[in-house]
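Asker: Given the sequences, and given the hints that come with them, work out the whole structure.
For the record, the sequence lines run as chains A and B. 337 is the number that my numbering gives to position 163 of the first sequence; each next residue is one higher, with no gaps. 300 is the number that my numbering gives to position 195 of the second sequence; each next residue is one higher, with no gaps.
Hints listed in this document are in silico derivations from the structure and should not be mistaken for laboratory results. Heads up, some of the hints might be wrong.
Said to hold, decoys possible - Selected chain B positions facing chain A (Cβ under 7 Å, derived; list incomplete): (1) Ser184; (2) Gln188; (3) Gly240; (4) Gly241; (5) Asn244; (6) Gly272; (7) Glu274; (8) Thr277.
Stated by the list, open to error - Counterexamples of contact, computed for chain A against chain B with all Cβ distances above 12 Å: (9) Glu269; (10) Phe655; (11) Ser677.
On a predicted model such as this, the values are computed, not experimentally measured, just so you know. Beta carbons are placed, not taken as given, at the ideal position from N, Cα and C, and that holds for glycine.
Each chain, written out:
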Amino acid sequence: MPLRTFVVAIIILAFVANTGGQDLTQATPLIMVSREGRRPIPTMVQGGREVVALDDVAGLFRVTVKEDTLAGGVTVSYRGRTIVASANRPMASVEGRVVSLPSPVIRVGNRWLVPIEFLSVALASIYDQRIELRRASRLVVVGDVRLPRVTTNIDFAGPPTRASIEISPAAAVTVNTEPGRMLVRVDADALDFPSATGGGLVQLIRQGEQPNQLVVTLADAAGAPRATVTTANNVARILIEVPAAVAAEPATPNPDPRAPTPEPRAPEPDPRASIIATRAWQTIVIDPGHGGDDVGVRGAKGIEEKQLTLDIARRLRGMIENRLGLRVILTREDDRTLGLDDRAAVANNGKANLLISLHVNGSRVPEQSGAEIFHLQLDRESAEVVRVATAEGASLPTLGGGVRRLDLIPWDLAQARHLDESSVLASVLQEELRRQVPMSTHPVREAPMRLLAAANMPAALVEVAYLTNPQQEARLNTDDFKTTVAQAVFSAIVRFRAWSEESQTP
Amino acid sequence: MSLRVWWLAFVGGLAVLVLIAISIARMYAPPRTAPEEAPVASAPTTPKETAHITATLFFGAPDGQSLAPMRRDVPLADSVVEQGRQIVTAQLTEIPPAPYVSVIPAGTMLRAFYVTDRGDAFVDLSSDVVKGHPGGSLNELLTVYAIVNAVSANLPVAKRVQILVDGKEADTIAGHVDLRRPLTRNDSLVRETDEK
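Answerer: So, in structure tokens, the structure goes:
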């Protein structure tokens with residue numbers, strides 16, 4: 175009897191050790207979003223990799239899973255199409271074509287576990303609907319579901335606090351203001367909204383009770399908020415401005431006491447748009463930062479910012495000229511000192527449709543790394559100068575009896591006309607760079623940048639990496655990295671040009 | 106008679122010794138005021154205690170991305186402008202405890218400080234701020250706004266701050282941030298810290 179107990183114990187221990195060796199832990203489930211609604215997909219973590227069980231996949235996607243014990247593999251079929259995978263191999267054969275997986279397919283007990291990327295890499299190829307894995311927001315989008323990505327940012331803590339919500343791809347948006355909060359309803363099935371944010375007088379921007387709703391909770395000290403929605407084919411942007419309660423009331427006297435809190439305003443059509451629209455893109459100006467006596471940041475190994483920016487700019491020029499057929503002007507062709515006004519003048523005189531200034535960053539903290547994009551922030555006084563100039567613009571009589579309006583904006587604040595476009599440019603640059611290179615923790619910033627202020631076209635400054643970070647310095651001087659950065663900026667230019675031409679079509 | 110004289114001389118000498126001992130003890134005793142405060146950096150030849158105000162200065166946070174506000178004692182001045190000078194000088198020279206860093210290039214001196222009736226403060230810095238700057242857009246933003254915020258956070262009269270270099274208007278410090286106009290305080294770069 176004691177011997178039998180001992181043997182049974184040994185067997186149980188061996189079994190536990192065998193299964194325990196796989197070291198599986200439960201993870202937060204992925205959420206499958208389809209026309210039928212939202213359903214959780216259970217996942218587990220094995221050796222640092224997230225996996226999903228094929229029997230769960232079978233139930234959720236209505237596919238057939240069959241084990242081939244003789245071959246040590248498993249077959250997943252859907253409407254006559256098959257995927258074959260073998261145990262402990264990081265690949266699968268999809269309809270005879272081999273696709274690689276980030277980790278091996280494994281068998282634990284009676285269950286077959288595949289990396290979660292299996293859904294988008296393998297299963298999507300045999301499925302009759304789109305399957306998209308969005309890792310950041312832990313969503314699996316199935317079929318024709320309108321699930322735009324929502325990114326939120328506190329652009330300026332203020333007061334007034336300025337926040338922006340971007341919805342991509344664009345969808346119709348309605349904003350309702352209630353005491354203490356704003357409700358943003360997006361014309362979509364659900365929202366891909368990874369994380370809540372807040373700052374300044376905006377306490378929190380979070381997902382609402384409805385799947386297509388966002389709630390902007392305002393701080394107690396907040397005054398009447400104002401929202402402006404600009405919608406283009408690619409991105410819908412809601413700009414929210416929240417003044418402080420005390421300052422807001424005397425500043426915006428409301429003549430009609432029955433009038434409710436200011437309703438969100440639709441953007442007024444810009445009369446200049448129709449003039450610009452007829453002009454297709456012809457010229458892009460690339461500004462390699464620094465040069466000559468001004469070396470910019472110098473890395474520990476002696477690599478200088480001015481050399482890197484010129485090198486990347488030349489690569490970018492080659493891509494644009496060869497693939498888009500546009501004229502590209504570099505503000506400097508060689509290693510020379512050039513003032514910021516001279517650089518802006520090259521872009522303005524060349525009637526460029528876009529200015530991108532390339533830089534390499536430096537920090538007193540060596541660990542700091544990643545790309546950052548800057549677009550112009552006007553200080554209060556400059557914004558006021560522009561507002562007055564625009565409101566009081568002069569009128570000139572024209573032939574035929576008409577009147578032509580002139581906006582007398584100071585030349586060194588020319589960027590004031592392009593702030594919104596430049597902000598879209600910055601976010602497109604951020605998205606494209608993110609696909610290719612590491613990004614800083616705060617990748618898009620609004621700041622009073624000297625060069626950008628004088629640019630009379632959409633403009634942004636890109637800091638591609640940190641030369642003061644030893645790992646990034648080593649990488650920055652490789653052909654591979656410089657071409658990758660140029661490629662990412664090129665992709666952003668292609669996207670921004672499409673957006674710009676579409677949004678300016680009358 | 107002579108015994109009495111000797112006795113008086115003995116008592117008198119003893120009294121003198123006691124007085125000397127007391128005065129020596131007083132010389133080496135800690136000052137009575139503020140016994141728990143950190144020693145104030147003042148010249149030993151000025152026994153009169155200097156009055157202070159507590160000002161908020163701004164240093165580079167360990168993340169390299171933001172400014173960390175810290176409270177520091179700054180000598181009390183007779184006028185607003187003189188107080189501004191003291192605050193900017195402290196901002197330029199104060200070294201924060203690690204891992205915080207100063208965002209002002211070493212050796213930068215304050216040449217002049219004045220405030221107009223409109224509330225524009227002018228901070229005239231020596232050209233060391235340009236020569237010693239390591240570069241980088243964010244780095245430059247941190248340098249500029251450490252100074253702008255230090256002035257506007259501590260001097261309510263200063264609504265905006267313009268940085269001059271060597272007595273003249275400057276375009277930028279390191280080729281990025283526009284210094285041609287007075288700047289207002291920027292709180293979006295500031296992250297609160299537990300550090301005092």
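Asker: Holds or violated: the hint that B:Gln188 contacts chain A, with Cβ atoms closer than 7 Å.
Answerer: For B:Gln188, the interface hint is violated, since the closest Cβ of chain A sits about 25 Å away, which is over 7 Å.
Asker: Once the closest CB in chain B is found, is it more than 12 Å from A:Phe655?
Answerer: Non-interface label on A:Phe655 holds, nearest chain B Cβ at 18 Å vs cutoff 12 Å.
Asker: Does the closest beta carbon of chain A sit nearer than 7 Å to the beta carbon of B:Ser184?
Answerer: Violated: closest Cβ of chain A sits about 26 Å from B:Ser184, beyond 7 Å.
Asker: Does the CB of B:Asn244 sit less than 7 Å away from some CB of chain A?
Answerer: 6 Å, holds
Asker: Measuring Cβ to Cβ, find out whether A:Ser677 lies farther than 12 Å from everything in chain B.
Answerer: At roughly 28 Å from the nearest Cβ of chain B, A:Ser677 sits farther out than 12 Å, so the non-interface label holds.
Asker: Mind checking the CB of B:Thr277 against every CB in chain A and telling me if the closest is under 7 Å?
Answerer: Where the cut-off is 7 Å and the nearest Cβ of chain A is about 5 Å from B:Thr277, the hint holds.
Asker: Just to be careful: measuring from the Cβ of B:Gly272 to every Cβ in chain A, is the smallest value less than 7 Å?
Answerer: The hint is violated - B:Gly272 has no Cβ within 7 Å of chain A, the shortest such distance being about 20 Å.
Asker: Compute the least Cβ-Cβ separation between A:Glu269 and chain B, then decide whether it is above 12 Å.
Answerer: Label holds. Min Cβ-Cβ 48 Å, cutoff 12 Å.
Asker: Take the shortest C-beta to C-beta distance between B:Gly240 and chain A; is it under 7 Å?
Answerer: Result: holds, 4 Å to nearest chain A Cβ.
Asker: Report holds or violated for the interface hint on B:Glu274, using the least CB-CB distance to chain A and a cut-off of 7 Å.
Answerer: 12 Å, violated
Asker: Under 7 Å is the threshold here; is the Cβ of B:Gly241 close enough to any Cβ of chain A for the hint to stand?
Answerer: This interface hint holds because 3 Å falls under the 7 Å limit.
Hint compliance for this structure: hints 1, 2, 6 and 7 are broken, all remaining hints hold.
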